[in-house]
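K.L.:
When you get a sec, could you build the whole thing from the sequences and use the hints?
Chains as they are written, first to last, in my numbering: chain F, 1 to 313; chain L, 1 to 138.
Check the hints yourself; a few may be wrong.
Claimed, not checked - Reference listing, derived: stretches of chain L covered by chain F, where coverage requires no fewer than 3 residues with Cβ under 8 Å from a Cβ of chain F: (1) 12-20; (2) 33-39; (3) 44-52; (4) 55-69; (5) 112-126.
Calculated from the structure, these hints are not laboratory results.
C-beta: ideal position from N, C-alpha, C; glycine also.
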Amino acid sequence: MPTLNLTAKSNNKLLIHKHMKPIISLDNSIDIILTPQFYTFIREELDVKFSYQAKQIATSLFDDYLENNHEYQYHVYKCDNFWCFFAYNIKVIELFLESVGIEKHRVSKIYFAQQLIDKLENPILLDDNSVLQSIDNVVTLVPLQIIDTNVEYNSLDINSFKLKGGVTMGSSLNSYVSLKETILLSSIFCILGGISIFEGNRIKRSIANDNAKLTELLDENPRYTSSLARESILTKYAPIDKKERAKRQAIKDISKFLSNKSQLKTLSIDKNSIQAKITTENRSISKQIKEHSRNKKFKFSGASLDVKVEKKL
Amino acid sequence: MNIMTLQRYKNEIILFLTALFAISAYYYKFSANNYVDENKAFIQKQISEIVEIESYKKQWKSKGIANKVKLFKTIVPASKIKLFSKKSSKVTVSYINLTTNELNKITNKLLSMPVQIIKLQIKESSKNKFTMEFTCKW
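P.N.:
The following block contains the structure:
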């Protein structure tokens, strides 16, 4: 029965030193532990709280120890009451790794031999010429010649313990795009994507109310679903509405033509027209009625005191 | 493509995926915009048509009209009603000897009632006396 492993699987570790034997082939990714040949180490007591603050002063800290014509990367972590600073040149490390047959993309994390300080109280034999030993709490590469011949060497299985706080072998350095650019561009893309989705939802919601209203109306009147049915009903009622409103408006207009000096004689409405005969007391009133009729788009006739007004419906 | 290659091009893959997300999201917004552009006018037209139909029906096919037209039977003294005939959804009324006020009163009621005026005839029968006849349907 397979067991469930909830912990991250750690890679095999490899101690990197200048006289190491070339690696024939690597199938999996590995973590490397750099010997002091590949880094410069400083331990300082500083009044800073966070590692990013310590890292900010790393460049100036190494000013006197490093060559100016190289570009260095820095790593820093808290070690007891001190800050442990490492300066390394990733290009040099990469070139060396390639020279011993390690493709740089196979390297997952970089650790520093200084991190093995607890395990190096007794020296370990690195190759035929040098040993790795802790001297004054600093992991140091010591020539074999100066080591006491009676000294007892440790055997160190570097895969048997876990190291913390390694440097990611810059996926950024292996990639065409740097980590900083990746974070910046990805953030921009994510923000743009988020805004677009938010806008899209807002646009869709703008029609949701109309959609809900239409659904409600159609639920109440399922036969209006067909546009033909709707058009047919509208065709039936729209002319009625128009004609009836016209009739009522025409009657109101005619009533406004009347005064105490004029009298309605007849008024009739049939299918297509409205007609009225008005008799007046004098010509000026009849003229006034004709004028009003013209304004209200009535046809009018009558030469004497009687005026006939008519309008097509 | 093995896991190492994926790890090697992690940044490019992240960028590709986030760019793909941004493009997809933009396409979603674009589609939403198109959908709304195409459908909003159509949906609103349907709503306005249905509302218009409802309003017409309420106006010209109101169920209470049959009762309301009975008012024309009582609006003036019975002696002045020559004819009151209500059949199905149609009413024909004929009045005689209406005063100007009565004529105005009936006319105002008729105009405010949601019925189709099929025929209306007003005549002055004598000085300030009128006959009125109308046929309405609903």
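K.L.:
Give a verdict on every hint.
P.N.:
Tested hints:
no. : hint    : in the structure
1   : 12-20   : holds (count 5)
2   : 33-39   : holds (count 4)
3   : 44-52   : holds (count 7)
4   : 55-69   : holds (count 4)
5   : 112-126 : holds (count 9)
Violation of the numbered hints given earlier is absent; every hint is satisfied by the structure.
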